[in-house]
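J.: Please arrange chain H on chain V, whose structure you already have, making use of the hints.
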Amino acid sequence: MTSQFANLTHEKADVELDCSGLLCPLPVYRTSLALGQLSPGQVLRLVTTDPGSLEDIPALTRQTGNTLLAAERHEDQQLFWIEKGLRS
Amino acid sequence: MTDTVTRPSSDDQIASRRRIALVASKGTLDQAYPPLILATTAASLGWEAGVYFTFYGLDIIHEERLERLKVASLANPAGPIQLPNLLGALPGATAAATKIMKKWMSDARMPTVPEFIEMAQGLDVRFFACSTTMGVMGVEEGDLIKGCEIAGAAAFLDFAADADVQLFV
Numbered sequence: 007m008t009s010q011f012a013n014l015t016h017e018k019a020d021v022e023l024d025c026s027g028l029l030c031p032l033p034v035y036r037t038s039l040a041l042g043q044l045s046p047g048q049v050l051r052l053v054t055t056d057p058g059s060l061e062d063i064p065a066l067t068r069q070t071g072n073t074l075l076a077a078e079r080h081e082d083q084q085l086f087w088i089e090k091g092l093r094s
Numbered sequence: 006m007t008d009t010v011t012r013p014s015s016d017d018q019i020a021s022r023r024r025i026a027l028v029a030s031k032g033t034l035d036q037a038y039p040p041l042i043l044a045t046t047a048a049s050l051g052w053e054a055g056v057y058f059t060f061y062g063l064d065i066i067h068e069e070r071l072e073r074l075k076v077a078s079l080a081n082p083a084g085p086i087q088l089p090n091l092l093g094a095l096p097g098a099t100a101a102a103t104k105i106m107k108k109w110m111s112d113a114r115m116p117t118v119p120e121f122i123e124m125a126q127g128l129d130v131r132f133f134a135c136s137t138t139m140g141v142m143g144v145e146e147g148d149l150i151k152g153c154e155i156a157g158a159a160a161f162l163d164f165a166a167d168a169d170v171q172l173f174v
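Here the protein sequences line up with chains V and H, keeping their order. So the working numbering is basically just the index in the first sequence, starting at one, shifted up by 6. So the working numbering is basically just the index in the second sequence, starting at one, shifted up by 5.
Check before you lean on any hint, since a few could be wrong.
[Claimed, not checked] Chain V residues, not near chain H, derived (Cβ > 10 Å throughout):
id: 1; residue: 20
id: 2; residue: 22
id: 3; residue: 57
id: 4; residue: 60
id: 5; residue: 61
id: 6; residue: 65
id: 7; residue: 74
id: 8; residue: 78
id: 9; residue: 82
id: 10; residue: 83
id: 11; residue: 85
id: 12; residue: 89
[To be verified] Quick look at which bits of chain H chain V covers, simulated, 3 or more residues with Cβ under 8 Å:
id: 13; region: 48-58
id: 14; region: 106-118
Since the hints were derived computationally from the structure, they do not count as laboratory data. These numbers were taken from a predicted model, which means no experiment stands behind them. All residues carry an ideal CB built from backbone N, CA and C; glycine is no exception.
Extracted from the complex, chain V is given alone in its bound form:
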């Protein structure tokens, strides 16, 4: 699922959100709230440790009309760069 995004170049981020140590549904919940505060085109950098995020965050961006620019999978954490969409 996320291998297609793996090791893409780091994107610039306007806002950082650290969801380390949080389990589902908190990373999705907090990311949704954080995206709600952004303007279209702004980028959120998200850190998670819940392995479920690898599927959950792409699902969140698909469902909410935001764009997952890049994702990185590390041994103990995942990084995501999400661009705020126009309709979300």
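T.: Just chain H now, with coordinates in the frame of chain V:
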């Protein structure tokens, strides 16, 4: 908890929003979580979400009882304490199972049931209180947490008929 997510503004967007309709029928601490987690997640995805609290599930939105939800120590082979039913029936076993479950949740930094309720209501999840259950169990509207809609089965089905996902918990 005070933040809000951005809501669709035009009628077109509202018409195209996905919807989930959940039934919460169980009044134990462990079974209070799944409908609240799913409803909160759905709302975080921008979906319209509603939960119908019926039978024992009504305790989840009962102002006093929601603070005292318990985990069964009897007939619960997957529960936090693995005891033969004979021992699970001993006084204090239910309290022990409940305490362990709460510790698991707290150690995992999971919100409590009241916190999940606050999160869900903050995202405009609709809470339907089953009117028949209220009548059978003698629950008054004032016994429930704020923001619940009292509804019968037909009203809930009217909401659920237009849902993309319907789940019974």
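J.: With reference to the structure, classify each hint as holding or not holding.
T.: Hint by hint, here is what the structure shows:
1. 20: At roughly 16 Å from the nearest Cβ of chain H, residue 20/V sits farther out than 10 Å, so the non-interface label holds.
2. 22: The claim holds: residue 22/V sits with its nearest Cβ about 16 Å from chain H, beyond 10 Å.
3. 57: Non-interface label stands for residue 57/V: nearest chain H Cβ at 14 Å, farther than 10 Å.
4. 60: 16 Å, holds
5. 61: Residue 61/V is indeed farther than 10 Å from all Cβ atoms of chain H, at 12 Å.
6. 65: Given that some Cβ of chain H is not farther than 10 Å from that of residue 65/V, nearest at about 7 Å, it is violated.
7. 74: At roughly 14 Å from the nearest Cβ of chain H, residue 74/V sits farther out than 10 Å, so the non-interface label holds.
8. 78: 23 Å, holds
9. 82: The claim stands: residue 82/V keeps its Cβ more than 10 Å from every Cβ of chain H (closest is about 16 Å).
10. 83: Label holds. Min Cβ-Cβ 15 Å, cutoff 10 Å.
11. 85: 20 Å, holds
12. 89: Answer for residue 89/V: holds, closest chain H Cβ roughly 15 Å.
13. 48-58: The restraint on the region 48-58 of chain H holds, since 4 of its residues have a Cβ under 8 Å from chain V and three suffice.
14. 106-118: holds (count 4)
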